[in-house]
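There are 2 protein chains.
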Amino acid sequence: MNEQLQPLKKPVRTGKAGRSGTQDDIVYAHIFEAILEQRLAPGTKLSEEALGEIFGVSRTIIRRALSRLAHESVVLLRPNRGAVVASPTVEEARQVFFSRRMVERAITELAVQHATLEQLNELRQMVREERDSFSRGDRGAGIRLSGEFHLKLAEAAGNAPLVSFQRSLVSQTSLIIAQYESGNRSHCSYDEHMQLIDAIEARDAEQAVSLMMHHMDHIDSKLNLDEESASDDLHAVFSHLLKKPKATAKG
Amino acid sequence: MNEQLQPLKKPVRTGKAGRSGTQDDIVYAHIFEAILEQRLAPGTKLSEEALGEIFGVSRTIIRRALSRLAHESVVLLRPNRGAVVASPTVEEARQVFFSRRMVERAITELAVQHATLEQLNELRQMVREERDSFSRGDRGAGIRLSGEFHLKLAEAAGNAPLVSFQRSLVSQTSLIIAQYESGNRSHCSYDEHMQLIDAIEARDAEQAVSLMMHHMDHIDSKLNLDEESASDDLHAVFSHLLKKPKATAKG
DNA sequence: TTTGCATTCTTTGTACACAAACGCATAATC
DNA sequence: GATTATGCGTTTGTGTACAAAGAATGCAAA
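These protein sequences, in sequence, are chains X and P. Per the numbering used here, residue 36 is the first one in the first sequence, and the count goes up by one each step. Per the numbering used here, residue 36 is the first one in the second sequence, and the count goes up by one each step.
Rather than coming from a laboratory, the hints here were simulated on the basis of the structure. Check before you lean on any hint, since a few could be wrong.
Which copy is meant is left open, so a pair is good if it fits within one copy or across any two.
Pairs of lysine to any residue residues, derived as SDA-like cross-links and limited to a Cα-Cα distance of at most 25 Å, are as follows [as the list claims (entries may be wrong)]:
no., residue 1, residue 2
1, Lys80, Arg159
2, Lys187, Arg113
3, Lys187, Glu107
4, Lys80, Ala195
5, Lys80, Arg174
6, Lys257, Ala195
7, Lys187, Leu112
8, Lys187, Glu126
9, Lys257, Gly91
10, Lys80, Met229
11, Lys257, Asp60
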């Protein structure tokens, strides 16, 4: 009976997670956030019933949220065997980054043409929040806000299919960063983000694209995709053995 | 009771529609095919209960198929108001074509690098089927096979995110062609497809990309996006008034 | 002790029932 | 006569029960 314990109800603070829409939006946002912040490690099993109890909704809602996450390749939906947090392999990570370079280049060029000053100011506000998150040590929120910056930039480019694709790529990138980032320093990308906005506002396409490509290089270089590829690949393959599944709610 | 009439059962010939997987794959493929072949016109309402009776499954399955189609922007899911076949506007069509040029260019370059001879031969076989469909006057199947060619090419490129994005773009393109093609001659793209395969097999990236871009130009030029934009836009807006919803199964 | 098999138990897949929301039609009032 | 309010019918949204498919465990035999 879910009337008994329901730790989270519908009107749970949706502010942090963003979307304050319908129930499945809320569940989607919470699970997504938990994955990005590594409270849900790659390979963790996502039981429908457990999640339903946690969020105080039925499996129907959970199932829809998981289906959406699966479509973005953030969770893996195995028939008759449930959903797990995706464990992108090194090869998958490379493919995602290849696509992101392509998309980010196009988005940047379009944003130079179409982004309004209002949108650019909104982007600046997002970068400030991102910077604050990192400075306060909230790495998960920082990664999430960094991703939301790139998504917002796609929206400023004004091409709906690109936005949709970018959403999927950003989600996967966040997961990859969470899994592969060489930990020494968290990727403080907010400075590059600010320079990028300036170049876009100056309508300098060449400079903006150049900055974006360097930004991609920097993200790339912070990952251990090259040297530890073999070990990390194995690690990903056996992550359901090595890592403890921890499907607890935050708090 | 769905045991009474069930005009279509699970093992209905799935050969034509492709995916012979689970129930929702079958339903998805059938609806998608019907939309491509214009047996379901843009704006047509897709009632869950009606579709459930037609396919002999419960609304749960129908809902999942519709959700998947909605994610590919082939159907529009309006909250509390049901699903309708999408009516892409001229602006949406332009955005889809912009993205397709970007993706097709990348896919072509990757295919030149990675496509195996076996894959190229499979592609040639698909082009032959496409040609046969057009020559036998089956325009819907031709459009569908043309789309499947581009999807197969994306698979030959070996980049999973690109394949996923291409699937969505191809679906929407097919819908746009079905809606906007200036009818005089059906777009006999199979010749260009063959030349493209030859260039890829010759590992001539420059030539292959050039052919692909011209191919995109040709598809573009056959659509009435420029002149009849206003009228077609209005038509799309009021299609639910102008066109009779016909949610009948084929045959 | 280890391996193979069978049973049990957990978890997902599907269908269905009930509740809520929307649209339409009718009617009443200004 | 036009406009707005209200009631009804239809369709979608959600929860839940039942069925089926895996996974885990225990027992038996080698």
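Consistency of the hints with the structure:
1. Lys80 <-> Arg159: Neither, since 37 Å and 42 Å both go past 25 Å.
2. Lys187 <-> Arg113: The answer is between: 24 Å across copies meets 25 Å, while 31 Å in one copy does not.
3. Lys187 <-> Glu107: both (17 Å within a copy, 21 Å between copies)
4. Lys80 <-> Ala195: Classified as between: cross-chain Cα gap 23 Å, same-chain 32 Å, threshold 25 Å.
5. Lys80 <-> Arg174: within (23 Å within a copy, 46 Å between copies)
6. Lys257 <-> Ala195: Between. Shortest inter-copy distance 23 Å satisfies the 25 Å Cα cut-off; intra-copy 30 Å does not.
7. Lys187 <-> Leu112: For Lys187 and Leu112, only the inter-copy Cα distance (23 Å) is at most 25 Å; the intra-copy one is 28 Å.
8. Lys187 <-> Glu126: between (27 Å within a copy, 20 Å between copies)
9. Lys257 <-> Gly91: This pair counts as neither: shortest intra-copy Cα distance 39 Å, inter-copy 52 Å.
10. Lys80 <-> Met229: neither (38 Å within a copy, 46 Å between copies)
11. Lys257 <-> Asp60: Close neither inside one copy (32 Å) nor across copies (40 Å); limit 25 Å.
In summary, the numbered hints that this structure violates are 1, 9, 10 and 11.
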